[in-house]
Amino acid sequence: RNLDRRLVHMDTIPPIRRNIRLMTERPPKHRAVMDLGRDEWLDALGMDAADIPKAVIMEGSWWRAQRTEWRLSYLDDVRELAFPDMFYGFWQGTPIVYSCVYGAPRAVELAHLFGVLGTPRMVMIGTCGALDPGLATGNVVVPSQAVAREGVAHLYGRVAEDTGIVPSDPDLTAQARAALEGRGVRTANPLHLTWSSIFAQSGAMVEEWRESGYGSVDMEAATLFAVAKHFGFAAAALLVVWDQLTADRSFLDPLTPKEQSRLDAANAAVFEATLDFVM
115 RNLDRRLVHM DTIPPIRRNI RLMTERPPKH RAVMDLGRDE WLDALGMDAA DIPKAVIMEG
175 SWWRAQRTEW RLSYLDDVRE LAFPDMFYGF WQGTPIVYSC VYGAPRAVEL AHLFGVLGTP
235 RMVMIGTCGA LDPGLATGNV VVPSQAVARE GVAHLYGRVA EDTGIVPSDP DLTAQARAAL
295 EGRGVRTANP LHLTWSSIFA QSGAMVEEWR ESGYGSVDME AATLFAVAKH FGFAAAALLV
355 VWDQLTADRS FLDPLTPKEQ SRLDAANAAV FEATLDFVM
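So the sequence shown is numbered by our numbering: it starts at 115 and just counts up by one.
By construction, these hints were calculated from the structure, which means they are not laboratory data. Please note that the accuracy of each hint is not assured.
[To be verified] Derived Cβ-Cβ restraints for the label pairs, each shown as a range:
id, residue 1, residue 2, range
1, Asp378, Asn303, 15 to 25 Å
2, Pro371, Asp157, 44 to 54 Å
3, Phe197, Ala318, 33 to 43 Å
4, Ala288, Asp157, 15 to 25 Å
Virtual Cβ for every residue (Gly too), placed ideally from N, Cα, C.
Please model the entire structure based on the sequences and the hints provided.
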């Protein structure tokens with residue numbers, strides 16, 4: 115077969131359509147992976163309907179191996195599902211799934227998959243950058259809403275067109291704050307931004323965000339909230355403040371021993387608190 119016949123010339127490539135079909139609009143003919151139904155996903159995961167987890171805990175972190183080993187040490191009878199890095203276990207007899215995710219493209223996979231299955235509650239834990247100078251390392255942002263600028267949430271049709279805002283679940287969010295404050299952790303509820311990449315942000319962008327009133331930024335929360343609204347499950351986010359972006363301090367800069375202690379304590383608290391309230 116002549117290879118040249120399979121080549122596509124640049125002038126024959128159609129332009130990208132701007133009126134992208136939303137997840138709420140089902141195509142009449144073609145099916146893609148994320149159009150699969152509940153039974154198909156159960157079969158792919160090797161699960162029975164009776165095994166569907168009561169909660170999913172996702173964690174946005176680079177440190178996948180360390181975080182996964184740490185979090186799974188709390189659970190009993192842990193096993194990895196058929197898909198990588200999706201761990202099924204039990205907390206005090208209740209089935210949950212934990213997965214270390216990083217960024218919206220990975221977070222949406224867990225949220226969509228278990229949204230199809232009918233898991234009633236999902237929580238995003240991890241870290242965030244502070245844009246509000248009043249936020250200190252070790253505080254935990256528990257946002258009532260997030261502004262979606264990460265490129266995924268809007269595909270689920272649940273984002274306000276004029277503002278990009280998508281809300282968390284108010285009851286689950288209130289439970290999260292109460293659980294943290296009961297542990298002596300200071301929580302905050304600034305205007306929260308979900309951005310696409312920690313590398314694709316400049317000093318000028320950070321200044322613009324601060325001047326626009328944003329108090330914190332992460333890469334996954336709005337994605338989870340939008341998928342939650344689409345499928346009808348409850349979602350919340352508990353995000354530990356690490357970077358002080360308006361002070362030009364990123365994750366590359368060292369913390370003082372006191373700051374490191376607060377960061378470590380908060381990273382433990384968000385998972386332990388979630389185990390308590392999410393069931």
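Any hints from earlier that this structure breaks? Give me their numbers in increasing order, please. The structure conflicts with hint 4 only, although it agrees with all the remaining ones.
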